[in-house]
Amino acid sequence: MKLRLLPHPILTPVLALIWLLLVNSLSPGQILLGLILGWAIPVFTLRFWPERVRIHKPLTLMRFLAVVMYDILVANLAVAALILGGPKHVKPAFVRVPLALRTDLGISLLANTVSLTPGTVSAWLSPDRSHLVVHGLNVNDPDALIAEIKHRYEAPIKEVFEPC
Amino acid sequence: MLEMMLSVLIVVGALFTFIGSLGLARLGDFYTRLHGPTKATTLGVGALLIASVLYFSTRGEGLSLHEILVTLFLFITAPVSAHLLAKAALHLRVRSLAPPPLEAEDPSGGPRARTGD
Numbered sequence: 000m001k002l003r004l005l006p007h008p009i010l011t012p013v014l015a016l017i018w019l020l021l022v023n024s025l026s027p028g029q030i031l032l033g034l035i036l037g038w039a040i041p042v043f044t045l046r047f048w049p050e051r052v053r054i055h056k057p058l059t060l061m062r063f064l065a066v067v068m069y070d071i072l073v074a075n076l077a078v079a080a081l082i083l084g085g086p087k088h089v090k091p092a093f094v095r096v097p098l099a100l101r102t103d104l105g106i107s108l109l110a111n112t113v114s115l116t117p118g119t120v121s122a123w124l125s126p127d128r129s130h131l132v133v134h135g136l137n138v139n140d141p142d143a144l145i146a147e148i149k150h151r152y153e154a155p156i157k158e159v160f161e162p163c
Numbered sequence: 000m001l002e003m004m005l006s007v008l009i010v011v012g013a014l015f016t017f018i019g020s021l022g023l024a025r026l027g028d029f030y031t032r033l034h035g036p037t038k039a040t041t042l043g044v045g046a047l048l049i050a051s052v053l054y055f056s057t058r059g060e061g062l063s064l065h066e067i068l069v070t071l072f073l074f075i076t077a078p079v080s081a082h083l084l085a086k087a088a089l090h091l092r093v094r095s096l097a098p099p100p101l102e103a104e105d106p107s108g109g110p111r112a113r114t115g116d
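Chain order of the listed sequences is A and B. So that you can map any letter, position 137 of the first sequence is 136 in numbering that gives the first Met the number 0, and since no number is skipped, the others follow by simple counting. So that you can map any letter, position 80 of the second sequence is 79 in numbering that gives the first Met the number 0, and since no number is skipped, the others follow by simple counting.
Extracted from the complex, chain A is given alone in its bound form (with noise of 0.2 Å):
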């Protein structure tokens, strides 16, 4: 019964704030509407979320965050120096990071990561899911950026969405 009405607990306050900001007012009505906006939808699209979000330490989650936009901004210049430095000192490389996630949620969560921070994009995940392969774009030492995604990145994605 609970899953039938509020089938994603998380996603209605998401939704509600998007709209708010989309329409860039706080008026009771506009919070009103954004409300049955975040409910109306998950409930309508339920067939499309099968999984069930769940997020199991919070403060994990918005140091994570923390992390991941210190990551973007430090690392934006590096690869701004790179790219003013010439063509000729990036050493691009592939490389293949073995994954412990297993969610979908939890897997498109670490590729965006990756992306998102300078100097590497997600380019290919093997079929069965045990390996994302990753491009840097200058790659001294494949082993300790495999490492830093691992210990950087997946563990706290894994804590907070696959605690199990």
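None of these hints come from the bench; they were simulated from the model. One should not assume that every hint holds.
Calculated lysine to aspartate or glutamate pairs in the EDC-like style (CA-CA distance at most 16 Å, straight line) [what the hints assert, rightly or not]:
1. A:Lys157 - A:Asp142
2. A:Lys90 - A:Asp142
3. A:Lys87 - B:Asp28
4. A:Lys90 - B:Asp28
From a predicted model like this one, the values you see are computed outputs, not experimental measurements.
Given the structure of chain A, go ahead and fit chain B onto it with the hints provided.
Structure of chain B alone, referenced to chain A:
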């Protein structure tokens, strides 16, 4: 004071977006070129959007925050399109400076050999 800050943010944003496009023109192969537009743009567009929030919030019509949505949508779409471009390039075996991953080299197990994916 505010105008100074806005100008700095806009110039910084434009600079990083420009460096991103410069990477697109200067780097050696398809995969490294992919890094330019997905990367430098995050910081460049970020700085431009902060400038936009500051400008519209201080014009006296209340806080303006829907620039956050632009960031959100950009952060969702940019990595997905980059991933698809890279995946398509692996399938087509685009020339690469780096040795491509084993799957792409092996003719029997490579991405191209698999069908219905």
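Tested hints:
Distance restraint check for Lys157 (chain A) and Asp142 (chain A): the Cα-Cα separation of roughly 20 Å exceeds the 16 Å cut-off, and the hinted pair is therefore not satisfied. Note on Lys90 (chain A) and Asp142 (chain A): the hinted pairing holds, with a Cα-Cα distance of about 15 Å set against a maximum of 16 Å. Restraint check for Lys87 (chain A) and Asp28 (chain B): the C-alpha separation of about 12 Å stays at or below 16 Å, so the hint holds. In summary, the hint linking Lys90 (chain A) to Asp28 (chain B) is supported, as the alpha carbons are separated by about 12 Å, within the 16 Å threshold.
Checked against the numbered hints above, the structure breaks only hint 1 and satisfies the rest.
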